[in-house]
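Heads up: the sequence lines are chains A and B, in that order. Counted from 1, the first sequence has number 1567 at position 176 by the working numbering; the numbering is strictly sequential. Counted from 1, the second sequence has number 90 at position 89 by the working numbering; the numbering is strictly sequential.
FYI, nobody ran anything at the bench for these hints, they're computed from the structure. Treat the hints with care, since some could be wrong.
In silico PhoX-like pairs for lysine-lysine, Cα to Cα no more than 25 angstroms straight-line [claimed, not checked]:
hint : chain 1 : residue 1 : chain 2 : residue 2
1    : A       : K1720     : B       : K282
2    : B       : K268      : A       : K1668
3    : A       : K1727     : B       : K282
4    : B       : K164      : B       : K55
5    : A       : K1623     : A       : K1608
6    : B       : K268      : A       : K1704
7    : B       : K268      : A       : K1726
8    : B       : K282      : A       : K1704
9    : B       : K268      : A       : K1720
10   : A       : K1726     : B       : K282
11   : B       : K268      : A       : K1727
12   : A       : K1668     : B       : K282
Pairwise CB distance ranges, derived in the manner of DEER restraints [claimed, not checked]:
hint : chain 1 : residue 1 : chain 2 : residue 2 : range
13   : A       : N1530     : B       : K268      : 40 to 48 angstroms
14   : A       : G1650     : B       : Q212      : 40 to 48 angstroms
15   : B       : A271      : A       : S1729     : 19 to 27 angstroms
16   : A       : A1589     : B       : R192      : 33 to 41 angstroms
17   : B       : N158      : A       : E1597     : 15 to 23 angstroms
18   : B       : N256      : A       : S1729     : 42 to 50 angstroms
Looking from chain A toward chain B, a few residues come up when the C-beta cut is under 10 angstroms (computed) [said to hold, decoys possible]:
hint : residue
19   : E1402
20   : T1489
21   : S1500
22   : S1505
23   : Y1519
24   : C1552
25   : V1592
26   : I1596
27   : E1655
28   : A1706
In this text, a Cβ means the ideal position worked out from N, Cα and C, and glycines have one as well.
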Amino acid sequence: MNSVFVYCEIEEGVVADVSLELLTKGRTLANKLGVKLEAVALGHGLQGVEKQIFPYGTDVVWVGDDERLAPYSTLPHAKMLVRLFEREKPQVALMGATSVGRDLGPRVSSFLHSGLTADCTSLEIGDYKDVKSGKEYQNLLYQIRPAFGGNIVATIVNPDCRPQMATVREGVMRKEVLDANYKGEVKRLDVDAWLEDADLVVRIIERHMEKSKVNLKAAPIIVAGGYGVGSKENFNLLYELADVLGAEVGASRAAVDAGFCEHERQIGQTGTTVRPKLYIACGISGQIQHTAGMEESSMVIAINTDPNAPINKFADYVITGDLNVVIPKMIQYYKKNSK
Amino acid sequence: MKGLKIVVLAKQVPDTRNVGKDAMKADGTVNRAALPAIFNPEDLNALEQALRLKDMIEGTTVHILTMGPGRAAEIIREAMYRGADGGYLLSDRAFAGSDTLATSYALSCALRNLEYDLIICGRQAIDGDTAQVGPQVAEKLRLPQVTYAENIERCENGRLTIKRRLERGIEVVECPMPCVVTVNGSAAECRPRNARFVMKYKYARAAQEVQEAGEDYMQLLNERPYLKLTEWSVNDITCDSNELGLSGSPTKVKNIENVVFQAKEAKVLAPNDADIDAMMKELITNHTIG
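Build the full structure now, drawing on both the sequences and the hints.
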């Protein structure tokens, strides 16, 4: 049976978290389908890279090690992947919804004429019956994502085309080692056989990569602001509270789009997914794209002037009121009680 | 330097910030008629990059290609008010229900009708957020692609130097033309409308709109042929009709769930001192905050 494939993103020899998360999910899917989990590692200086990949239950790691494959560039990676997929015919192929995966995925899916669903928040295996033809399909990949203004959750399937491709954002799936000593097989790819000059026409002439300074994923407490915060200045109040509590500041897409807060702080389907111990939502209405990125928080405080804001459904504490009144009181009573 | 021929792929999108109840049809596709329609924001960023090249290199032309219903001609006019030279509307029922792959196929077939050095579009549209159409069009036309562009810095010897804004940094790449570039929202904002162009083009119409206009308009069109926007149906492009619309879309919508939030027991507090004091005490006592 055809395998589940995960494209591994690699920066300076280190496999990205999002790829390890997808391997974890890929293992579960492969078990349900009764097939192998295979990974693709393309780059340069990849000696021993499989050691990072096997523990997630990977049966085969395809390694393409060549200086033309690092740093990532669209055409060479796409060529390697389509040649491999043409030969191995995976039934499922997953990649991160990152600036690499979102550049590579559509290129590969177009070449192979396979369907691709971006930014999935859940992946499952299930059956499907085509209403028009009445044809029944078993064990398809359900690609589940909120769509269209967050009013709906759509389940997408690719009945006829392979591989069934999906991208998933970092932090959406859990990363979990299956077995530190899991035994897999390394298979080397013949890069020279597949790459042509035409794949190398785009030249990278400068590159500056930095570690993101904001670490929302690791923050135990997050103070997040929405459009209801009202202005960039009002966000300062959120920073004050975050400072006092040892928290990180996050924002909804609406707040980021309005320019109240920088993009790297965005939480939700098109931002970071977080699971903090405490999530304080200030002036956030609670559109599903946002709640998809915070609904696993252990505890939620919602501060909103609207007593019927959807965010309240996720909250352990609902404070109906003006955040400009509530937040200073929270700071005041935290200081008083923590002594 | 010889002027460039630039095609901007642009999309009229429902304003997803104003979505009403009847936004979705029973078959899971979007009911566009029920929504306010706007110029996809990142496509405007792309238009600005194109117009800057036009400012920089004499003889450069900028045309819009958009796929959509008759009213999508609005965004061709909008682009012309800002400095574009003209545009093409690709409109046919045969395209209805297209996923990103079928959309890219239709656009690539229409592009084969045109000459271009550069195809440029926004990174993604706000109604789908997939960022797939740009790279898929590039692949269909076998062109190199540069995604996440923030600024086209130079155009020399048939090559573009482009700054890309990535999640964790920046990259500057050099790419030969013809190519496809997708532009980030972090790029320069589009210039405003130019009053002179608004006066000149406000009566520009695509074929579907001309049909609805009266006799007087036909006379105006005869006097000013530049007001006629090119409209193509499926018959005006060379394509395999099996690759279009729902039948050309590998992805199918299995089902749609309207979002129902699960209520959980919440303590409802007033914004007063007693309630907030009590809450902070609780949070400290149960070690939620330290």
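To see whether the hints hold, each was checked on the structure:
At roughly 13 angstroms between alpha-carbon atoms, A:K1720 and B:K282 fall within 25 angstroms of each other, so this suggested pair holds. The suggested pairing of B:K268 with A:K1668 holds, with an alpha-carbon distance near 18 angstroms, which does not exceed 25 angstroms. Pair hint A:K1727 plus B:K282 holds up; C-alpha atoms about 9 angstroms apart against a cutoff of 25 angstroms. For the suggested pair B:K164 and B:K55, the alpha carbons sit about 18 angstroms apart, so the restraint of at most 25 angstroms is met.
The straight-line distance between the Cα atoms of A:K1623 and A:K1608 is roughly 23 angstroms, inside the 25 angstroms bound, and the hint therefore holds. Between B:K268 and A:K1704, the direct Cα distance comes to roughly 11 angstroms. Compliance with the 25 angstroms bound is thereby established for this hinted pair. For the given pair, B:K268 sits about 22 angstroms from A:K1726 by alpha-carbon distance, which is consistent with the 25 angstroms threshold. Between B:K282 and A:K1704, the direct Cα distance comes to roughly 23 angstroms. Compliance with the 25 angstroms bound is thereby established for this hinted pair.
Among the hinted pairs, B:K268 with A:K1720 is consistent with the structure: their alpha-carbon atoms are about 17 angstroms apart, no more than 25 angstroms. Taking the CA atoms of A:K1726 and B:K282, the gap is near 10 angstroms; set against the 25 angstroms cutoff, the hint holds. Of the supplied pair hints, the one linking B:K268 and A:K1727 holds, its CA atoms being roughly 22 angstroms apart against a limit of 25 angstroms. Among the hinted pairs, A:K1668 with B:K282 is consistent with the structure: their alpha-carbon atoms are about 16 angstroms apart, no more than 25 angstroms.
For A:N1530 and B:K268, the Cβ-Cβ distance of about 44 angstroms falls inside the hinted range of 40 to 48 angstroms, so the restraint holds. As the Cβ distance of A:G1650 to B:Q212 is approximately 42 angstroms, the hint placing it in 40 to 48 angstroms holds. Between B:A271 and A:S1729, the C-beta spacing of about 22 angstroms keeps the proposed range 19 to 27 angstroms intact. About 36 angstroms separates the C-beta atoms of A:A1589 and B:R192, a value consistent with the hinted range of 33 to 41 angstroms.
Between B:N158 and A:E1597 the Cβ separation comes to about 18 angstroms, which falls inside the hinted range of 15 to 23 angstroms. Taking 42 to 50 angstroms as the suggested C-beta distance range, the pair B:N256 and A:S1729 conforms, at roughly 49 angstroms. At its closest, the beta carbon of A:E1402 sits 8 angstroms from a beta carbon of chain B; the interface hint therefore holds under the 10 angstroms criterion. Checking A:T1489 against chain B by beta carbon gives a least distance of about 6 angstroms; that is within 10 angstroms, so the hint holds.
At its closest, the beta carbon of A:S1500 sits 7 angstroms from a beta carbon of chain B; the interface hint therefore holds under the 10 angstroms criterion. Hint on A:S1505 holds. Least Cβ distance to chain B is approximately 6 angstroms, under the 10 angstroms limit. The interface hint given for A:Y1519 is met, as the beta carbon of that residue sits about 6 angstroms from the closest beta carbon of chain B, less than 10 angstroms. A cut of 10 angstroms between beta carbons decides the hint on A:C1552: the least distance to chain B is about 4 angstroms, and the hint holds.
With a least beta-carbon distance of about 5 angstroms to chain B, the hint placing A:V1592 at the interface is held under the 10 angstroms criterion. At a threshold of 10 angstroms, the smallest CB-CB gap from A:I1596 to chain B is about 5 angstroms, leaving the interface hint in force. Interface hint at A:E1655: satisfied, since its Cβ lies 8 angstroms from the closest Cβ of chain B, which is below the 10 angstroms cut-off. Annotation: interface hint on A:A1706 holds; nearest CB of chain B at approximately 5 angstroms, less than 10 angstroms.
Figure legend: structure checked against the earlier numbered hints; every hint is met.
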